[in-house]
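Those sequence lines, one after another, are chains L and R.
According to this note's numbering, the first sequence is numbered sequentially starting from -19.
According to this note's numbering, the second sequence is numbered sequentially starting from 8.
One thing to keep in mind: the hints can contain errors.
[Unchecked claim] If you only want the chain L side, here are some residues facing chain R, beta carbon under 10 Å, derived:
1. 63
2. 83
3. 148
Just so you know, the hints here were simulated from the structure itself, not pulled from any lab data.
Since we're looking at a predicted model, the values are computed, not measured.
No residue lacks a Cβ here, since even glycine has one placed at the ideal position from N, Cα and C.
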Amino acid sequence: MRKSIMIVGVGGQGSLLAAKIIGRAAVSQGYDVKVSEVHGMSQRGGSVVTYVRYGDKIYSPIICRGEADVILSFELLESARWLPYLKKGGVIVTSEQKINPMSVITGKAAYPEAIVEKLEQAGAAVVSADSLDIARKAGNEKASNVALIGLGEKYFGIDSEILRDAVRTSVPEKFVELNLRAFDLGAEAAATYKNQ
Amino acid sequence: MGSNSAAALSMKKLMIGNEAVARGLYEAGVRLVSSYPGTPSTEITEFAAKYDEIYAEWAPNEKVALEVALGGSIAGGRTFCGMKHVGLNVAADPLFITSYTGIGGGMLICVADDPGMHSSQNEQDSRHYAIAAKLPMLEPSDSAECCAFAKAAFDLSERFDTPFILRSSTRVAHSQSLVEIGEREERPLREYSKDASKYVMMPANARPRHAVVEERLDKLRAFAEITALNRIELNSGKLGIITAGSSYIYARECFGEEASYFKLGMINPLPLKSLADFASKFERVIVIEELDPVIETQVRSAGIKNALGGDVEGKNLLPLTGEFSSELLKELILGEKADYAELPDMNIPPRPPALCSGCPHRGTLYVFKKLGLTVFGDIGCYTLGAAQPLAAMDTTLCMGASISAAHGFSKIRGAESAGKTVAVIGDSTFMHSGMTGLADITYNMGIMTVVIVDNSITGMTGHQQNPCTGLTLKNQPTYAISLEAVAEALGVEKAHIRVVDPYDITAFENVLKEELEAQVPSVIICRRPCVLLKYVKAAPPLSVDTEKCRSCKACMSIGCPSLSFVNRKAVIDETLCVGCGVCSHLCRFGAIGGKK
């Protein structure tokens, strides 16, 4: 068993917390784990990527093109940017949230249309949801990263209860209930997703 | 031993490499840590500061930090100093001298390289420093080795009477993997007695010390041949790989059990006899190392050949630039291309990092651009002002170079550049190495306007305290150095030391124009704390009155992530806007204001 999960988004969206939760859960499940984070300049609103790899023995923390089992994307355009890293038969779990890059803000470029459809045409399995809305229903938009983990839960090869435990130990105590609700609502949204 | 400590001994924890280095320091009984922040090394010192047993501080720069660590070592304690690769350039002076003096208590210096330049201005290979300074260097591949090597370095440092260098890199420093936690071993202070022959490096003493350095290097060469820090993994096949650090994990991922590995943990000096023996067993031998051919050059010049008598390979196959990956090795060594999907018809706009919404630097940089100034920049978040649409930087060189290079520029360009050139530098960078540049200007009758963007924190590396913030690394209240007082003491006339709020861009523009016209050195301090600091409360978000908006796009010229243009009108994203008001200063039609 070996899983490569790529977490992509925009600096400041909370991808480090998501990586921490999945990494901890994989340790609890008894796997060897490597997580690669990005710090420093890249965090300031740029495109960021975090790798989580687990299995019997893991050497490289890096995921290369064509290797990711799951791309967990916090922002729609980022799921398209990192598509080449998806393995054949892999799945993209993406938020429908859109954040304009500077070139779109200044009118020099356009935000691409119909991204989910184009990803599917390129052969990727896609599960998408408005993770901000799910988090809002759970009580606070800030839990959207955990809602997205819930949405992708069944693709991680980790027991659901172990993932929920990792959520419990990774967020401040007063936000545990909120985040578990977000996780569950995310998992529910996946269960009723159009392609299922 | 109680059951609690037995449990602690067998505990495995997921840690980034930097946290694991800090754990190694703790377990080795380190008493003092002095560092200057720099990605990807910063968190070592932040994690070390969490241990009550360790005195930990941010020094104003890496040279000071290394000297503090050396002083603590001379006093007999185990000490540590951490920095990024370019920091070691700043600390090179004490680094070379520590090689001659040796140490008192065990001493470790960590230098973190940044192949691929995730967060750096160059891609230099710090291994050259170990060779040039004749110091032993270790290189871990994962967090477990970060902890184990850091810990082991202290016994070795004391055994060989030399500081050790731990070379890390972005992927090792910032990757989490499992670490077995041990306990701290308290070490009694080693004896301090005055010894001029060891610590007073004047020629008469330094000459015999150089001989000591060469003898020590011979002993370290012999040690390299037998240490378990280096290991051989023998598998079947005709391919032998010599590698270390992050390159080892990419090689292991790429070749698996199809190759054998000489995995170096100690990369200076090299175990050349063992490497020759290893190479002689394989029909093909490749050195896999990121950046420069440091290992390869030594292996080849030692005349080491493969089993067929052929040369060892390396940079004939692999690049000198950038980060490696298993994909790159597969393609360049095995000729296998990765198989992946693409979106050929989609134009995906790039997303480089940008100044945050409400960043106090934005207005300052906008005014530079508006006035068409030649801007000598420095190292910090304001470097992001070099990107479009602000494009407000002429140079970004190295720490402190804004002030000194602007001075050199104005001495050459004279009247032509007068009143049109500024230096811009942050509070932490000014304390690091900006002060000496300012002294050069006042001393040598330079005329320059220096803008210190004082956001009351070291921002880019993730919020570290500095000598101006009034707090130590351990969050103790302390003396806060006044930038105004420093400027005055360095010879800037009081009337030409100005303090402004960078959110008030009209006021800043007026002050800047006045000081650019003055025929004396001046310092303008743009003072407002970083918007990401927890104690900074956001003002209510602004909004656009679409009736008043004339679609002139003046507000779009500042590159604020909160602003966009929809249906030919400016729109403010209320979830991002912190109400700084810089955009409303730019609107000639009064269309941007507080919410109705």
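Now the hints, each set against the structure:
1. With a cut of 10 Å, the hint placing residue 63 of chain L at the interface with chain R holds, because the nearest CB-to-CB distance is about 6 Å.
2. The criterion of a C-beta within 10 Å of any C-beta in chain R is met by residue 83 of chain L, whose closest approach is roughly 5 Å, and the hint holds.
3. With 10 Å as the threshold, the beta carbon of residue 148 of chain L stays out of range of chain R, its nearest partner Cβ sitting at about 16 Å, so the hint is violated.
Violated hints amount to a single one, hint 3; each of the other numbered hints is respected by the structure.
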